[in-house]
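Dock chains B, C and D against the given chain A, drawing on the hints supplied.
Residue numbers (the numbering used here), protein chains in the order written: chain A, 92 to 227; chain B, 92 to 227; chain C, 92 to 227; chain D, 92 to 227.
Simulated from the structure, these hints should not be mistaken for laboratory data. Built from N, CA and C at the ideal position, the CB exists for glycine as well. Treat each hint with caution, since some may be false.
To be verified - From the structure, some residues in chain C lie toward chain D, with a derived Cβ separation under 10 Å:
1) Met110
2) Ala117
3) Leu120
4) Phe135
5) Ala148
6) Cys154
7) Arg157
8) Pro159
9) Arg188
10) Ile205
11) Pro207
12) Ser211
Said to hold, decoys possible - Label pairs and their calculated CB-CB ranges:
13) D:Ser136 x B:Arg155: 26 to 32 Å
14) C:Glu139 x B:Phe219: 36 to 42 Å
15) B:Ala199 x D:Asp191: 34 to 40 Å
Stated by the list, open to error - Derived list of chain D stretches under chain C, where covered just means 3 residues or more per stretch with a C-beta under 8 Å from a C-beta of chain C:
16) 125-135
17) 153-162
For reference, the chains in residue letters:
4 protein chains.
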Amino acid sequence: MPLVSESTLRVRYSETDPMGVAHHSAHILWLENGRTDFCRQAGFSYRELEAQGVGLAVVEAVCRYRAPARFEDELVVLTRLTEVRRKRVEFAYRVQRLSDGALIAEGATIHIPIAPDGKSCELPDSYFALLEKALA
Amino acid sequence: MPLVSESTLRVRYSETDPMGVAHHSAHILWLENGRTDFCRQAGFSYRELEAQGVGLAVVEAVCRYRAPARFEDELVVLTRLTEVRRKRVEFAYRVQRLSDGALIAEGATIHIPIAPDGKSCELPDSYFALLEKALA
Amino acid sequence: MPLVSESTLRVRYSETDPMGVAHHSAHILWLENGRTDFCRQAGFSYRELEAQGVGLAVVEAVCRYRAPARFEDELVVLTRLTEVRRKRVEFAYRVQRLSDGALIAEGATIHIPIAPDGKSCELPDSYFALLEKALA
Amino acid sequence: MPLVSESTLRVRYSETDPMGVAHHSAHILWLENGRTDFCRQAGFSYRELEAQGVGLAVVEAVCRYRAPARFEDELVVLTRLTEVRRKRVEFAYRVQRLSDGALIAEGATIHIPIAPDGKSCELPDSYFALLEKALA
Numbered sequence: 092m093p094l095v096s097e098s099t100l101r102v103r104y105s106e107t108d109p110m111g112v113a114h115h116s117a118h119i120l121w122l123e124n125g126r127t128d129f130c131r132q133a134g135f136s137y138r139e140l141e142a143q144g145v146g147l148a149v150v151e152a153v154c155r156y157r158a159p160a161r162f163e164d165e166l167v168v169l170t171r172l173t174e175v176r177r178k179r180v181e182f183a184y185r186v187q188r189l190s191d192g193a194l195i196a197e198g199a200t201i202h203i204p205i206a207p208d209g210k211s212c213e214l215p216d217s218y219f220a221l222l223e224k225a226l227a
Numbered sequence: 092m093p094l095v096s097e098s099t100l101r102v103r104y105s106e107t108d109p110m111g112v113a114h115h116s117a118h119i120l121w122l123e124n125g126r127t128d129f130c131r132q133a134g135f136s137y138r139e140l141e142a143q144g145v146g147l148a149v150v151e152a153v154c155r156y157r158a159p160a161r162f163e164d165e166l167v168v169l170t171r172l173t174e175v176r177r178k179r180v181e182f183a184y185r186v187q188r189l190s191d192g193a194l195i196a197e198g199a200t201i202h203i204p205i206a207p208d209g210k211s212c213e214l215p216d217s218y219f220a221l222l223e224k225a226l227a
Numbered sequence: 092m093p094l095v096s097e098s099t100l101r102v103r104y105s106e107t108d109p110m111g112v113a114h115h116s117a118h119i120l121w122l123e124n125g126r127t128d129f130c131r132q133a134g135f136s137y138r139e140l141e142a143q144g145v146g147l148a149v150v151e152a153v154c155r156y157r158a159p160a161r162f163e164d165e166l167v168v169l170t171r172l173t174e175v176r177r178k179r180v181e182f183a184y185r186v187q188r189l190s191d192g193a194l195i196a197e198g199a200t201i202h203i204p205i206a207p208d209g210k211s212c213e214l215p216d217s218y219f220a221l222l223e224k225a226l227a
Numbered sequence: 092m093p094l095v096s097e098s099t100l101r102v103r104y105s106e107t108d109p110m111g112v113a114h115h116s117a118h119i120l121w122l123e124n125g126r127t128d129f130c131r132q133a134g135f136s137y138r139e140l141e142a143q144g145v146g147l148a149v150v151e152a153v154c155r156y157r158a159p160a161r162f163e164d165e166l167v168v169l170t171r172l173t174e175v176r177r178k179r180v181e182f183a184y185r186v187q188r189l190s191d192g193a194l195i196a197e198g199a200t201i202h203i204p205i206a207p208d209g210k211s212c213e214l215p216d217s218y219f220a221l222l223e224k225a226l227a
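One chain only, chain A, in its complex shape:
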């Protein structure tokens, strides 16, 4: 079974805007939270990966906003992999409100591993194996 991680969060006041709802940039941060939790549940810390000199640069991000989220709403971010290659990793996300299951947003991000010099590189074997396993 492919891994689907669940990250819960509560909408921060600072994330809301004059329309009284979460600003659309907040969702981008929530997806990142989902992604780092996913890695942890897949068996590694994103922080360790970076400590080894490999970053996962975002090359594309998309978010579709389905319903507004309000201050203090409790949300869950469901994160899964949609592709794992040595030089490219893709995630997909669903953000739902816990109280009523409402779909708040759907998102996707594409990443490439990069070395400290900013050049594209390959995922180290052990991390590649863990991600492949989480996708299976």
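Below, chains B, C and D without anything else, positioned relative to chain A:
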């Protein structure tokens, strides 16, 4: 000629991450800056539109990251309309570095006018006319 | 016994900077998290208070940074009241790392209740009573 | 004459909150903008200083909020030094609205130079000299 607005900005330290480059969420804020400047150059203030009870909710945002931007880089956001309808407005963006013209990112956002109750509504005539003119 | 609320959070990647530690603006958001959790534990939702037309504007914020917090560090924000008056409320905060108890930061904020017109007003009786009880 | 740098900025939509005014965390970012502009006018780039392995860690920040700032308000941040020592630098700030000169906020930050290992260090001679000159 369709209006293409130019917004300049300097990458803030707070916008950069441990990889030493602008975090991918910062670009989303820059696109918004581009959009509000575009409206101003098209002849109205986004703030006035909201004061009239009409918000432009973001229903989709996409950003493709082409090159990293670093702290203190001066950037320009080029913003143009790609579609204007009574109940839907689309913008496209290019973010470039001023010093060398490097393409930093391309983005697009889709918006729907919403009333204070959060329901979809039509753009007021005067704003619709100004946006149509900016697209022509 | 005065109420001391505990809010746990994990340092987000987006909150860290090129020095590899949480940017000093992140702590300001964490204090706000602590404050809204405090209100909830004191018996009311800050969202309800706003819905009644009363905001708690920040008139002063101070933060002393004692030790760096890193990406993925789990932190706890301890929040308590230091003063409750009809037209002024003060909070104090300690941010600690869960793994080793290290003191990350100490903060304080001063707030005044404001009406929708932005003018200073008095806290509604029921909220004043709940805050007084939480201070006792 | 002591250097007082002027940084202009326009309040971003993403910086405003449900009360329709700039969230108090935005001011902290504006002070940082003021600080980096100050360094540039004093003769060096904060980015270069970091490239030499010296960061200016914030050990204390305080902000007093005098009047609300609204979306699209044009502001100026006036920044000056209040103390320069080898191992400690202090800045003071005034944030004013350009249209009417209204005082929006006053702030102060205290910094210590730190080495890449996070330990306190001394400011390199050339930077210390530039800051001393800017204070004189």
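Do the hints match the structure? See the list:
1. Of the supplied interface hints, the one on Met110 (chain C) holds, with its beta-carbon coming within about 5 Å of a beta-carbon of chain D, less than 10 Å.
2. At about 9 Å, the closest approach between the beta carbon of Ala117 (chain C) and any beta carbon in chain D falls short of 10 Å, and the interface hint on this residue holds.
3. Below 10 Å, beta-carbon pairs count as interface contacts, and Leu120 (chain C) has one with chain D at about 6 Å; its hint therefore holds.
4. For Phe135 (chain C), the interface hint is violated, the least distance from its beta-carbon to any beta-carbon of chain D being 17 Å, above 10 Å.
5. For Ala148 (chain C), the interface hint holds, the least distance from its beta-carbon to any beta-carbon of chain D being 7 Å, beneath 10 Å.
6. Hint on Cys154 (chain C) holds. Least Cβ distance to chain D is approximately 5 Å, under the 10 Å limit.
7. The restraint placing Arg157 (chain C) at the interface with chain D holds, with a minimum CB-CB distance near 8 Å, inside the 10 Å limit.
8. Below 10 Å, beta-carbon pairs count as interface contacts, and Pro159 (chain C) has one with chain D at about 6 Å; its hint therefore holds.
9. Annotation: Arg188 (chain C) was flagged as interfacial toward chain D, and the flag is violated, the nearest CB pair being 14 Å apart, outside 10 Å.
10. Because the closest C-beta pair between Ile205 (chain C) and chain D is about 8 Å apart, less than 10 Å, the hint holds.
11. Interface hint status for Pro207 (chain C): upheld, as the beta-carbon distance to the closest one in chain D is roughly 9 Å, under 10 Å.
12. The closest approach between the C-beta of Ser211 (chain C) and any C-beta of chain D is roughly 12 Å, which is over the 10 Å cut-off, so the hint fails.
13. Restraint check, Ser136 (chain D) to Arg155 (chain B): a C-beta distance of roughly 29 Å satisfies the suggested window 26 to 32 Å.
14. Look at Glu139 (chain C) against Phe219 (chain B): about 37 Å separates their beta carbons, and that is inside 36 to 42 Å.
15. At roughly 37 Å, the beta carbons of Ala199 (chain B) and Asp191 (chain D) sit within the given window of 34 to 40 Å.
16. Look at the region 125-135 of chain D against chain C: 0 of its residues bring a Cβ nearer than 8 Å to a Cβ of that chain, fewer than three, so the hint is violated.
17. With a cut-off of 8 Å between beta carbons, the region 153-162 of chain D has 5 residues touching chain C; three or more are needed, and the interface restraint holds.
Taken one by one, the earlier hints fail for this structure at numbers 4, 9, 12 and 16, listed in ascending order.
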